[in-house]
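Line by line, the protein sequences give chains A and B. To convert a position in the first sequence, counted from 1, into this note's numbering, add 1. To convert a position in the second sequence, counted from 1, into this note's numbering, add 36.
Be a bit skeptical, because a hint or two may be false.
Computed list of lysine-lysine pairs in DSSO-like fashion (alpha-carbon distance at most 27 Å, straight line) [stated by the list, open to error]:
no.	chain 1	residue 1	chain 2	residue 2
1	A	Lys9	B	Lys168
2	B	Lys148	A	Lys404
3	B	Lys152	A	Lys9
To be clear, the hints were calculated from the coordinates, so they are not data collected in a lab.
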Amino acid sequence: MFNRDVWKEIFEAIQKNKLRTFLTGFTVALGIFIFVTLFGMGNGLNNTFMKFFGDDATNIFRIYPSTTTIPYAGYKAKRQIVFENGDLDGIIEEFGPLVEYITPRIQRGGVVTYKDKSDNYTTYGVGTGMQFAEKTIMMKGRYINVQDIREKSKYAVIGRMVEKDLFDTEDALGKYIDVAGSVFRVIGVFQDDGGDREERNIFIPFTTRQLLEGNNDKIGQITLAFNKAIGYDGAMKFERRLNTYIRKKKEVSPDDPRGIYLENVTENLKQTQQFAGILQIIIAAIAFVVIISGIIGISNIMVFVVKERTKEIGIRKAMGATPRTIISTILLESIVITAIFGFIGMILGIVVLNAIQGEFLEENYFITNPGINSGTAIFVTILLIICGTLAAYIPARRAARIKPIVALRDE
Amino acid sequence: MIEIKNLHKSYKMGSNSLHVLKGINFSVKEGELVAIMGSSGSGKSTLLNILGMLDELDEGSYDLDGVEIKNLNETKAANYRNKFLGFVFQSFNLINYKNAMENVALPLYYQKVARKERQEKALKYLEQVGLKEWADHLPSELSGGQKQRVAIARAMAAEPKVLLADEPTGALDSKTSYEVMDLIQKINDQGNTILIVTHEPDIADMCKRIVHLKDGVIIEDKKVEQVRAAQYVQ
């Protein structure tokens, strides 16, 4: 079955029936091409979601204070909850081993000036842990350390864009900037995968912020990273316990929908991942339907091909071709065509995915690094080849069964 | 060579059955050149198709070179056709995307003859029909007579026991017909057994024996003085 003559016969038939070959091949190549590009785009969407959440740590709880709505423990409603330094210590005391790090975040806006240039930036009073929570990458200098917090140093870590805006080509490190009337020394410049917006932030020690505001001990919001070893279920349990603990400590009703708000990044991430996953399933389903219609297309063409060749088959049978040789010739021909064009479609798809990826697609259509792993692409191509073969088998068998006398009469 | 006894064949046409061959007894010896004549509907083509194993008989027996042709499955029939029979059709039935030589080599391909030998043989038979120079031409580049000569070369290439020709001159003008008949006579002179179905008396007269069919029975079977076609061909 696999001698040179058989192949020569097949390639001759393919070569000399160019339109037929093209029609079949085009359907196959188009099917695979659409599948690969669609599936690749789906992966790209998924990548964007991952990246969106990938620029911050994921083992994070954020605790926000707000106004109560239910009177509780002798207090009236509409009481503004305020966190203090003691709350941080309390949480560590209570949950010590579960906490990887904890840091306050005091957010203030304000005009920042260097020489004759100035602009509005958000300044965050933070602890050392914030570097990990925000996945801040230091380009030069260093982040705020424990000593800065203790000594309430007037040090600032500025974003890459702040340096670009205020310092132009000058090196910001060691220079002094004016932050809403106080002078800070720049000790570090950072970058962040979160984009330009996050790179326009300024971090200072939270103790310095408290000192500037009358040496109080108020700390805006609390960011807490739990120990990853506790897992997803552990994190859910920790969240409930933490919520109960803080409400009790700050005397907020457990039934109050407001007062304390606890954001669980892990859970958000999980929901987003589920959403992205469903999106990808939908895209995969569409791509799969495209493949199915490709298979139907091949079947139709094979029926046509066999019909067109009925007379030729009759001649070959009169010359002594057995049904087996006829079926195997038609099948091998179909396999060769679908294989060649299938891989052409696959490679074209991959080339297109590579060509379109980039900033434009990322920013306008939320598709990052679209791509398909070669295993999936090859699997689908082989699937199409197998289905194409099955689709060819039925008309081929019928053709081989036609009495030669009937086939010869066919015009 | 061919031995047919009490052959019956009918075709079902909806609820009716059309009895085409009604008990044919017929034999052909080696080296004969037989014309099967009859008007259309007389059953002559059906007879030839059964002889050629392109169709099956309903009743009776058919022996070809001492082998009983009976209850053949498709594969076996194909092998017998390939080994015993060469076909020449009215409409030539060449494969249009293969050149003359490849068409002639086709039966050899199914005999699993090696490629080189196939080509040599095909060229030899093309030379015999005077078309060696046309070996690499496609059928569309050949005239009707040339096509039929390629078809005859193809039928001969497998070196069959019997050559079956169904109206081989039906699609040709009389001059070309005589050329083809001249070729058939020469092949017969070499000792090959040939059966020709025709409705043209002048073609039948160029054979050595004429069998007349009417309404599914043989009404006449006579030896004739062969008219040589060569005299009409210059």
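Hint check, failures only:
none
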